[in-house]
Structure formats: C-alpha cells, structure tokens
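A.B. asks: In the order they appear, the protein sequences are chains A and B. Letter 405 of the first sequence, counting from 1, is numbered 405 in the numbering used here, and no numbers are missing. Letter 45 of the second sequence, counting from 1, is numbered 1045 in the numbering used here, and no numbers are missing.
Read the hints as simulated data drawn from the structure, not as lab findings. No experiment lies behind these values; they were computed from the predicted model shown. Do not rely on the hints blindly, as some may be mistaken.
Label-pair distances were calculated between CB atoms; the ranges are [claimed, not checked]:
# : chain 1 : residue 1 : chain 2 : residue 2 : range
1 : B       : Val1035   : A       : Ile113    : 33 to 41 Å
2 : A       : Asp27     : B       : Phe1146   : 52 to 60 Å
3 : A       : Gly355    : B       : Leu1047   : 53 to 61 Å
4 : B       : Pro1161   : A       : Lys74     : 52 to 60 Å
Glycine included, each C-beta is placed from N, C-alpha and C at the ideal position.
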Amino acid sequence: MTDKKPIVVMKGITIEFPGVKALDNVDLSLYPGEVHALMGENGAGKSTMIKALTGVYKINAGSITVEGKPQLFKGTLDAQNAGIATVYQEVNLCTNLSIGENVMLGHEVRDKIGMINWKKTHAKAAGFLAEMGLGSLDTHAPLSSISIAMQQLVAIARSMVIDAKVLILDEPTSSLDANEVEELFAIIRKVRDSGVAILFVSHFLDQVYQISDKMTVLRNGKFIKEVVTKDTPRDELIGMMIGKSAEELSQIGTKKTRREPEPGEKPIASVHDFGKKGSINPVDMDIYKGQIVGFAGLLGSGRTELARLFFGADKADSGSFTFNGHKLTVADPSTALRNKIAYSTENRRDEGIIGDLTVRENILIALQATRGMFRPIPKKEADEVVDKYIKELNVRPADPNRLIKNLSGGNQQKVLIARWLATNPELLILDEPTRGIDIGAKAEIQQVVIDLAGQGIGVIFISSELDEVVRLSDDIEVLKDRHKIKEIENDDTVSQETIVQTIANTNVNSGKEE
Amino acid sequence: MSGATAKAKTTVRKSGAGKSRHLDPQMIPTIAAVVIFILMLIMGQVLFGTYIRLGFISSLFIDHAYLIILAVAMTLPVLTGGIDLSVGAIVSITSVVGVKMTIAGTPSWIAMIAMIVIGMFFGLLAGTLIEEFNMQPFIATLSTMFLARGISSIISTDSLPLPQDNNFDWVADPIKIIDNPKIANDLTFNMGVVIAIVVVVFGYILLHKTRTGRTIYAIGGSRPSAELMGLPVKRTNYIIYLTSGTLAAIASIVYTANIGSAKNTTGVGWELDAVASVVIGGTIVTGGFGYVLGSVIGALVRSTIDPLTSDFGVPAEWTTIVVGLMILVFVVLQRAVTAFNKKE
C-alpha cells in the first residue's frame, strides 16, 4: 500500500460561496485499488468536495492532480476526460433511452463517416455489462424498465466505458435493500481489484466499515483527519465527525426519564374515537403539557394518517377532539394553527421547505399565515424571531438570507422546526424529523425535541427508528395496520424489543388489545 | 422484500424484452398518426372521390413541402423540451429579403444564400439567448420571432412579386412522372419536394445516427443528467436552434418559389402549425420521445385537414377548431400511453 502512487491528489481545496466557505483547505488522496470513504455530517462539505473533483464547481484555491498531472476542471467533461467518473445518489441517467444507449451515450461506436453503428454499440454495452455480471440484461430495453439498484449498476458500467481511473459513488446505497447492497458491493470490489480508485460516500456506518480501506473525515468544510478504517473504532469516528467526544455522545443515547402526568392533571389534547374511514381506525389518546408521545409503527401503520387528523390536513369523520378543555373541529390546517397546533411533515422536500425562499422567509411563513396577509410582521419582531431560532436550534450556516435549498437536510429540518415554533404551538407534531440526516444532526434534533417538551409543549414524535422513539417518548402509541394496538407507558422496563414484540404479537382483527 | 420483487421483475423483462423491441409503446401515438392519415385519405376518397389520386397526393406534397421542412425543424427543439417560435417569422423575413434582392437584380442563388444566412443568424441568436443568457426557449424565440417579423415589416409591407424569369423557378417547376393526358391527374413533384425529402433524411440521420442526435434525446430525458454525463449540452443546443433557423430559411425558399411572391405577413402562425405537426406525429412536448418521420406524418395530417374540412362544407374559419381538437386527442393519447408505461 505504501509504495503505490496516488491517482488523485487534492491539496488545500477551498471553495467559497457568497458569504460562506464551503470548503476550507481540504486534502484528499485516492490510491488505485482502494476504497476511500469520505465521512462527515450533512453540511460538512462532502458533496462540495465531490463536485470539485467532478468539475461541477470551480475551486477558489488549492490544486487537483490526477496521475501526476495538474488539472483545472472547467466542467464535467474535463473531469471525465481525466478519468473521473461519478455515480450520483439520484441516478443521473436518461430514463427515456435504452440501457445500452445510457451505457454508451457520448461514446457510441461510429463508422468511418461518423454514423453510429447501433449493432456494435449495443454489443459493446453488453460486453461492459457482462463484465459486471449483468450479461443477461437486454441492452435494448428502456432504462425505466429496471430497478433503481440495477440502474445504479448501469451507471457504474458507464464509468468503465470511459475507462475511469477514479469512480465516485455518492450515497449509492440510500435506496437499496440489503441484498442489493451486497450485489453493489461485490461489483465495487471487482472494480476496485481492477485498479480503480473508489471514493465512497455514505451515511451508513456499517457499510462504510464493510467496504472502505481508508476514510477522510470532514467537519464544517474543514479537513479533520485521514484514517485507516480497520484501526478506527466507530465511536472515535463519530466523535471526529460531529466534534464531540464519545462520552458526550453516549449521553444523548441514554433514555429520558419518563414524565408522569400529575394526578388530576388535565391533558392539553385528548381525542376519543378519533378516526377517518379508510385511513385510520378510531383512536383514544391523551397528550399532556410537556409530554412527548411517540407513534411507533411500520410504514403504512397509520401513524402519519393519525397525525394529519390532528392538524386538519385530513378531516376526521368520527370521534371528538378536546383541546385545552374545548371541543375542537379541525377542518383544515389554518384552524389547527390558530389553535396552536403545528405539524412538521415527513416529506421535507416536497411538503416542507420552499426551496427558492430564504431561511428567514421559510421560518416566518407560518407565523405570517396565522396573522393574515394584511398584518405584516414588523421587521424588528421578524428579525428577533429569526435570530432567536437560528441560534436556539443551531442552524448552520447561521445566515438567514441563504436559500434553504442550499442547506443540508439536517439544517433544513431545523428551519422547519423553527417555522412551527415561531407560531408558538402548544401541540407540535414532528413526523420523521430525523429522516435522511446524519448522526450529529439527529442528536441535535433529538435534544431539541426534549428541550421543547421541557418548555411545556406537547410533542407528538413520529419516527421509523424505534430506538429514537423509545429514548425520547413518555408514552408510546403503537400502531399497526391502521389501528392503534397499544399504549405503552415508557418506563425503564420498555425497550425497542417490547415494541417489536407488541407489533408482532397483536392481531389487529381480534379487537384492539388487552 | 421490495428489492426481491424488483429483481424478479427485471428477470421477467429480460425474457420479454425481445418482443417489446418490436413495438415500443412510445411509438403508439406515431402509429396512430399514420392510421389517422390513411383513414382521412380513405374517408376523402369514399365521400368525395378525389383523395386517393395521383393529382391529390402530388399537390399535397408540392403545396406543403414547406410545412414538412418546418415540422422537421421544430422536432429538434421540441425533443429537448424546448420550442422554436421564430420559424414562421424567419420564413417571412427571409422571403421578403430574398425577393427584394431578386427584384433589385441580384442573382437568385446569391439571394438564396442570403436567405439561409439570415435564418442561421436568427437561429444562432436564439441559441445565444438560451445558452448564454439562460432564457427559456419559449421566451428567447418569442423575442427573435418579434424581431424577425418587425424587420420584415420595416423592409416592406407590400406584396412583392418575384420578377419574370427569376431563378427561383427550378425549385417550383413541376416535374411530371406520370402524365395523364386527358384528366388532370398527373403524378408530379418538384425540387421543393426533393428538398423536403432531403431535409427529412437529414433530420433522421442527425437524430438517430449521430452523437449530437443522441445528446438531443438525452437533454430531453434530463438535462442535468446529460450534463453530468459529460455530454456537450451547450453546443448541442446551439446546433438545435441553428438548424431550426436554417431549415426555416430553406422552407422559405421552397414556399417563396412556389407562390412566386413575398409578403411580410407570410408565415403568421406557421410555428404553431409546425408544433401541431410535431405533436400529432407523436413527439412529446416535454421532450425525450419522438421521431422525425412522425412529424412528417403530422405535417401531412395537418395539410389534409384543410381540403377535407372544406369538402365537408365546413367554413374555413372552423378549420383551426378541427386542428385544435386533433392536437387535444393526440396529447390525451400520449398522456394515456405515458400513464400506462408508468403503471407497468
């Protein structure tokens, strides 16, 4: 390993966007026949680093050397010509074209007068696919006819066409299941053994440990360390990624002590027989001030459906909803907001953020909606609100005038929470607030949830990650197949296992439970 | 578990793919256009007895060679999800300039070259606006359309007849293949038709046999993907609008030679006839799918609507409604096909 020469040396890479240093003096070296993982939280600069190497962004300072030759990439084509191929998280191929065409696009076999020879082109594509064990794919079939996992492999085959020396895999496993990941890894190893340098980016620590030889850790756009994977314990890696020690981390990991409702205390929200036909069967439940109620259940169990009824995003057709002692009919979200009920969606990108507005505008939008369009928020008050929440929730970069689409997922989530906090809710529903964000931001958001409950807000917390639900919740409502099957008082005897068992052993059709 | 089913699906597809190659569902709208064209001819023949005749077919091609050329021109931008609204106005300006030059005594071949250069200029201008100033093709070509139309009107608002014995005649002079001495039912063509055929062949080769053509489809599929794949997206977009502008000028030569005169109001709305032809021919307006040959059929369908509606006694004003309805039907058909594909 030591006598090998690196294929790519990136030195002192700095990239600035207006007002922010996305990368500050970062180094990265890639060696042939090695899988190198680029690690860091969302917003650490991984994507920016990849985009520097693929010619999407121009670097402000530093140098990129490929096989000893200094390179100045002006575009993706330059990087490709230098032998750098990339497979992106959202597969960047053309679904309107055939598999073979996608493999060969821009490199079709041509005859002497420059006409494409389709027969040879498809034969060549089939050859590349066969090398990866995909010989049975019909190159004439449309790309849209194969699964995302397969498309990813097709994208890798494409990199072989350009005879890539460096293959960048940006979150390749995020939409794959376990078997598909294994298949992908087998191919990655094959490509690696042929002497290609692979740069691997993933949120999944297990996978990184499984496939990578070395890791480079970034944090806040800065280079932290390059380490050998097998010599680095996980907690040390996580510590480097989020800039906290392993002990600090384990504190977040411990279970919160349960907040017992006082005897005689009235719940802020209480529902009875609350449901909607075809969506969620009638449910009874109470939420107290400062209590975190977790919804546990698989996808499709009805957890989001129930949450949407609370917020009026869908209208309940049975039962009653008592809020602060009053009967309430939440016909629509604006009624919910007026009554200080807020709902942060699980679908952050499509139903949550408004990408082309700034952080500031995204925070203020719900508050403004509650005031009506003729009563604008005074600038001073608006500034205060925005500053307060950016600070409180530690939104990074702390620039209210940045477009939210340019923030990392975790920070977008914080802005969304800020949006609802600005409306001063008494009941806050968080649907999958930690989905698709990295460990560091996850821990921060979990802490935020605990703090909010501490301030007396009732929180409904929905997550597919059971350990999160178990750690944070006071009560857990277990849902299965659109029924609430059990309410668990989350004391020290309750673990993930308890919930898994409950879901597995309760028969929905035989009545509710007990 | 979902992965396992996805994989099972791929294996099924693998075995079935050989068959599906013969009938790509994306071709259904184009095939429908062919069927409808044939039905229109049969209907015309049955009801009026003049449609499936050499004379009718000959004049269909001779009179509408320009529209076939424009339809090919329009296919390129539409395949990328763009549009070129300036083609009608380019016909107008090039026609007025060409005839003016001929009247002033310029040899006609120089006038024709000048016309083509003007077409190229407007195409390049549109390409520059789109690529360098990041304008939507719709807006960019809308502005070049007004520009071309405006200049054309400044030059002259009169009807300008081509002088006698001009050398545009070789384009329009009929060439008879089958001469029926008694009745007017000759199989005729002219160089205009030949030019149109050459343009169609050119379009076909460009789209299906060159890397530029494949890049056009890739841009239509997903421009960001095409860029990330390292395809020359920018250059290709220049080529597209340069080509559509140039082809519009060629259409103008054919049309002007046929009509024997020029006017600044020539070509109003032709860009939309071209779009109609492209859409009827099965090209999807959002880009990525479509065929030049489909556009040709579309142009023929569009051209047959006029005589058919007039033979039915439908007032000329109503023709546009028929065209509108046809477009509607084809777009609905395309949507249905796309939805069906997604379901699969």
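A.B. asks: Could you see if the CB distance from Pro1161 of chain B to Lys74 of chain A stays within 52 to 60 Å?
C.D. replies: Cβ of Pro1161 of chain B to Cβ of Lys74 of chain A: about 53 Å, so the range 52 to 60 Å holds.
A.B. asks: Evaluate the given range 53 to 61 Å for the C-beta pair formed by Gly355 of chain A and Leu1047 of chain B.
C.D. replies: 57 Å, holds
A.B. asks: Given the hint of 33 to 41 Å, check if Val1035 of chain B and Ile113 of chain A actually sit that far apart at their C-beta atoms.
C.D. replies: Holds, since Val1035 of chain B and Ile113 of chain A (Cβ atoms, about 35 Å apart) stay within the stated range.
A.B. asks: So the hint says 52 to 60 Å: do the beta-carbon atoms of Asp27 of chain A and Phe1146 of chain B match that?
C.D. replies: 54 Å, holds
Of the numbered hints listed earlier, not one is contradicted by the structure.
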